[in-house]
Every structure is written in structure tokens, then in C-alpha cells.
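So the sequence lines, in the order shown, correspond to chains U and S.
Residue numbering for the first sequence follows our numbering, beginning at 1 and increasing consecutively.
Residue numbering for the second sequence follows our numbering, beginning at 1 and increasing consecutively.
Honestly, the hints are just simulated from the structure, not real lab data.
Be a bit skeptical, because a hint or two may be false.
It does not matter which identical chain is meant; a pair holds if it fits inside one copy or across any two.
Unchecked claim - When the alpha-carbon atoms are kept at most 30 Å apart in a straight line, the in silico BS3-like pairs for lysine-lysine are as follows: (1) K22 x K46; (2) K19 x K3; (3) K22 x K53.
Model, not experiment: these values are computed from the prediction.
There are 2 protein chains.
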Amino acid sequence: MKKWNRNNAIADFVRSRRKNSKLTQIELADITGVGIRFLRELEQGKPNLMTDKINQILLFFGHTLTPTPISDEARRNLGK
Amino acid sequence: MKKWNRNNAIADFVRSRRKNSKLTQIELADITGVGIRFLRELEQGKPNLMTDKINQILLFFGHTLTPTPISDEARRNLGK
DNA sequence: ATAAATTATACCCAATTAGGTATAATACTC
DNA sequence: GAGTATTATACCTAATTGGGTATAATTTAT
């Protein structure tokens, strides 16, 4: 199995937003309608996820999955 | 089955980049190592796709999948 | 308009996901 | 440090994906 990466853009984003909102994983999962296990695997950095489910969560934070230049992505990671 | 959306950010991005590069679907699929059927479904706007596969393709264009504010996304769509 | 190339749709299958739940580990709070 | 809440890991199953290929439809070029 491919190795997980807890610090990928999506995992980081959801984890930090969730904490800012003072929500537990279970609460966020319930609110967004995804399974608790899915949210956990996402935050853990599982490599292969369904875009639809991810967007279900991102939508709650007013975001969505889009292609981004890698340079931007790298830049974004410098500040952490 | 959920309805497809040919004009979502990802489908549009890949389709237009591919054409700019003067590649056929088969060629791009071969180059990026994904199945031809996957690339077709992506460009057709299938709602549920594996992030890993998508990134495999985006990488070729120097991009990657990240959470983006919906407002930005909407803005982006105005110019087309 | 005709021929060739590209793209779209349909069929099958093996492999993997998401789901729930139970249990272990970790992080907080007092 | 004890007790509680939260998060992480493991097991099992149904449903869906991605893959290839064949065929139909559409687009492009001559």
C-alpha cells in the first residue's frame, strides 16, 4: 500500500480548519454527512480518496478541490 | 448515479491543457500512466474520482489538487 | 461529401474504497 | 496522577472504482 502523508495540503487544511471551529472529528463527520472513518483517513493523509467526499467536507469551509500550480503549493508549505 | 458535470474545474483544466499541448487522450493517458478510461471519465466530469489518479495527471502540467476558496473558483469561471 | 482520426459510451472484471463498530493509544482536564 | 474525551488502528462487508476493449458517435482534414 502506498504510504500516507499526514501533511498533505488537504489533510492539513481540514484538520486545522476543524480545530479552529472547535469541532471533533465525529461532529464534523456528522455535519458534513461523511463517515467518521473517512474523515479520519483523510486527516491521516490516506493517498487515495474520492473527490466527491472530500468536497463534501471542503464545502463546509467554503472551499473546493481545484488544480493549483505546484509552485504555489510549495510556497504555501513554506509558511508552516 | 450522480450527474456528471463536464465543466467542473478539474475537467476543464485537464481538457484545455491537454489540447494546448496538442495531445490526444490516449497520448496523455500513456504519458501520465493512467488508464484511458479514467482520463475520459475525468474530462467528462465524472463526480467521483480518486485523488491520486487525478494528481498523476495534474503533475504533468505542474499542478496539484488543493482546497481553494469557492469565491476564487467562481471568479475563475467568470473568465470563460 | 468522404475518409480518417479522435472522442464517447457500454460491457466485463479484479481491486479498492467507504462504512460501521470495537478496541488501543493519545491528549486533555482536574 | 486519575479519569475523561478525542483520536488512531483493526476487522469485515457492500458498493464502486479503474482497467481494457469493442463499438458508436462526433470532430477534423482532405
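Hint by hint, here is what the structure shows:
1. K22 x K46: within (23 Å within a copy, 34 Å between copies)
2. K19 x K3: Answer is within; shortest intra-copy Cα gap is 25 Å, inter-copy 33 Å.
3. K22 x K53: within (21 Å within a copy, 33 Å between copies)
In this structure, none of the earlier numbered hints is contradicted; all agree with it.
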